[in-house]
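Let's have the full structure, built from the sequences with the hints guiding it.
Single-letter residue listing:
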Amino acid sequence: MSRRFTPKVITANDLREGDVIYLTADDRWSRNHSEAELIDDEAHAEIRLIHATRQSSDIVGAYLADAKSGPHGPEPVHFREAFRARGPSNYAHGKQAERHG
Amino acid sequence: MYTYTEFDEAFVRNRVAQFRGQVNRRLDGSLTEDEFKPLRLMNGLYLQLHAYMLRVAIPYGTLNSGQMRQLAYLADKWDKGYGHFTTRQNIQYNWPKLGDVPDMLDALADVGMHAIQTSGNTIRNVTADHFAGAAADEIEDPRPVAELLRQWSTDHPEFQFLPRKFKIAVTGSPTDRAVTKAHDIGLRMVRNAAGEPGFEVIVGGGLGRTPMIGKVINEFLPKADLLPYCEAIVATYNLLGRRDNKYKARIKITVHENGLDTFRELVDARFAEIRGEFSGVDQKILAGIEAQFAPPPLRQAETTSFEVRYAADPVFRSWADTNLSAHKSADHAIVTVSIKKQGQTPGDATSDQMRLLADIAATHAYDELRISHEQNVILPHVHKSDLPAIYDALASVELATANVGLVSDIIACPGMDYCALATARSIPVAQTIATRFDELKLEHEIGPLKIKISGCINACGHHHVGHIGILGLDRAGVENYQITLGGDGTETAVIGERTGPGFAYDEIVPAIERLIGAYLNIRQSDDETFIETYRRLGMEPFKDALYGESARSGRAHAA
Chain A
1 MSRRFTPKVI TANDLREGDV IYLTADDRWS RNHSEAELID DEAHAEIRLI
51 HATRQSSDIV GAYLADAKSG PHGPEPVHFR EAFRARGPSN YAHGKQAERH
101 G
Chain B
1 MYTYTEFDEA FVRNRVAQFR GQVNRRLDGS LTEDEFKPLR LMNGLYLQLH
51 AYMLRVAIPY GTLNSGQMRQ LAYLADKWDK GYGHFTTRQN IQYNWPKLGD
101 VPDMLDALAD VGMHAIQTSG NTIRNVTADH FAGAAADEIE DPRPVAELLR
151 QWSTDHPEFQ FLPRKFKIAV TGSPTDRAVT KAHDIGLRMV RNAAGEPGFE
201 VIVGGGLGRT PMIGKVINEF LPKADLLPYC EAIVATYNLL GRRDNKYKAR
251 IKITVHENGL DTFRELVDAR FAEIRGEFSG VDQKILAGIE AQFAPPPLRQ
301 AETTSFEVRY AADPVFRSWA DTNLSAHKSA DHAIVTVSIK KQGQTPGDAT
351 SDQMRLLADI AATHAYDELR ISHEQNVILP HVHKSDLPAI YDALASVELA
401 TANVGLVSDI IACPGMDYCA LATARSIPVA QTIATRFDEL KLEHEIGPLK
451 IKISGCINAC GHHHVGHIGI LGLDRAGVEN YQITLGGDGT ETAVIGERTG
501 PGFAYDEIVP AIERLIGAYL NIRQSDDETF IETYRRLGME PFKDALYGES
551 ARSGRAHAA
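Protein sequence lines correspond, in order, to chains A and B. Under my numbering, the first residue of the first sequence is numbered 1, with each subsequent residue one higher. Under my numbering, the first residue of the second sequence is numbered 1, with each subsequent residue one higher.
For the record, the hints were derived by calculation from the structure and aren't laboratory data. It is possible that part of the hints are untrue.
What the hints assert, rightly or not - The calculated lysine-lysine pairs, modelled on DSS-like cross-linking and capped at a C-alpha distance of 30 Å, are:
no. : chain 1 : residue 1 : chain 2 : residue 2
1   : A       : Lys95     : B       : Lys37
2   : B       : Lys284    : A       : Lys95
3   : B       : Lys543    : B       : Lys441
4   : A       : Lys95     : B       : Lys80
5   : B       : Lys341    : B       : Lys215
6   : A       : Lys95     : B       : Lys341
7   : B       : Lys37     : B       : Lys80
8   : B       : Lys248    : B       : Lys215
9   : B       : Lys97     : A       : Lys95
10  : B       : Lys328    : B       : Lys341
11  : B       : Lys77     : B       : Lys341
12  : A       : Lys95     : A       : Lys68
13  : B       : Lys165    : B       : Lys328
14  : B       : Lys341    : B       : Lys80
15  : B       : Lys441    : B       : Lys328
Put into structure tokens, the structure is as follows:
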């Protein structure tokens, strides 16, 4: 039996700002992890990644990142993705500033 | 210090204009990311975790006040009001926007600075002793040679696509403050039997995944042979170095796999071929550069005001004892300004701090500043009578911390708070260690201690050569920190030894506290430093402190 597919989101960096972005189900790029499309089907994930990669005039380095369902939308699984979704821990810069600012 | 010639100015401006065009073509879709990435890297522009990062070279760590002010201006105009000084004497801006970067590079060119070859498989920013030109123990100022190497290596057509990046460090003192033995080429100025200055040439040092102490390939190289000899080394490496495996591509592996003797023979053969092509133009250029590095006219004055303040003010005295080093002129001092107040991010300076440092340099320090690989700022020439005023000014912007060389003077790479390669965070570990020992008021009792933290195996935080090294890794999706002990980055360089299993994020600071507690208990006297105690007693008492004596029998079985 093949390994169970871990749910994913598609993430990248914005070409102009460099900011971390997530692909939504309605084909927008959101700055907010909780707005990402949570993909739980492997074949669908691959199709969505190809779709994302084609938008290279706006984004850089799209990839699939593990995620899980949470009360306010998808949440990161790995700590690296948690830092990308929040910002650095030494200053309230990046997304955490935008959210509370 | 060196001032750009018309050629330098035109070259840098031309490169900025080229890059502006490349950015525009990327933004309008004419260039793909695959096409653009090598172009942006050639100009020091990375894409990190949260944003782009621009890495600007500070050649041999030297700045004047105008350059420091311009770095502050960039921080305010295009970043978030601060910059991060790195272990390779660069400054990194963590939040630029792609479209702004050409303007940033133009602003740097206005003060004779650039970001060329701060990335890519090229010869990187040439680093030097941060006390160059000022140290009491120096043979000669190594910066003219470093500048000659910068000019030679910049856009050198043969060396734009080396097997891997290539780092050169140079020191003019027997005391190695430039970690020369951990560089691809390390140059240590020495004198021969006739008393003439030349270089001990060290090759194949490096940290990272496979740490190695460099090997002496030439015990005495006459100064006039430096450029052809370095060219022979890099040319030999360029042909012999491996391109099949990124992790085996650095010169340290080339030297290790082929053997130093074989490598030396090839270098000597290449040197014999090309020596004649260096007709002496390089020496003429060097002489011109040397004239620009003439020492400042040191002023003569009484030092009484320093002595009076030193006797009367214990806080000033503590700072002076900790942060001053011997200058070659007895009535001057070298000031190391700690940009590591306990709890701050190692290496970060705000734009206000940069401007104040620039003002101090202009008013009191012959307009010179240095950035050290230990991520502090140096005022290399200060008359002692100016020290009280400098101290007061520094204290007004939280720059008068008396911790240079102590437990809170930690090197830390950006780690996973910024870096796309990192496997764990470094900065908060450094911040917590520093604040913890400050709370315990133990810093000065512990004495000289070098803690160095890297957030991945690439070792930008030099953890291998820390007395205590900390390496952050990702172990099954959780941050885990390995400890090494006994490392040394000076002329007696040693790679530290791993203590054993790593510690979780919330365990690493208590583990460091246990290590240092053990040291305080077992040192022979207050004068025996941490590294001396380690050398005397070895790993065992420190392992006991980390893992418990009860784990000792288990360790014996496992071994």
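Cross-check of the supplied hints:
no.	hint	verdict
1	Lys95(A) <-> Lys37(B)	holds, 25 Å
2	Lys284(B) <-> Lys95(A)	violated, 54 Å
3	Lys543(B) <-> Lys441(B)	holds, 25 Å
4	Lys95(A) <-> Lys80(B)	holds, 14 Å
5	Lys341(B) <-> Lys215(B)	violated, 37 Å
6	Lys95(A) <-> Lys341(B)	holds, 26 Å
7	Lys37(B) <-> Lys80(B)	holds, 24 Å
8	Lys248(B) <-> Lys215(B)	holds, 17 Å
9	Lys97(B) <-> Lys95(A)	holds, 15 Å
10	Lys328(B) <-> Lys341(B)	holds, 28 Å
11	Lys77(B) <-> Lys341(B)	holds, 25 Å
12	Lys95(A) <-> Lys68(A)	holds, 20 Å
13	Lys165(B) <-> Lys328(B)	violated, 35 Å
14	Lys341(B) <-> Lys80(B)	holds, 20 Å
15	Lys441(B) <-> Lys328(B)	violated, 33 Å
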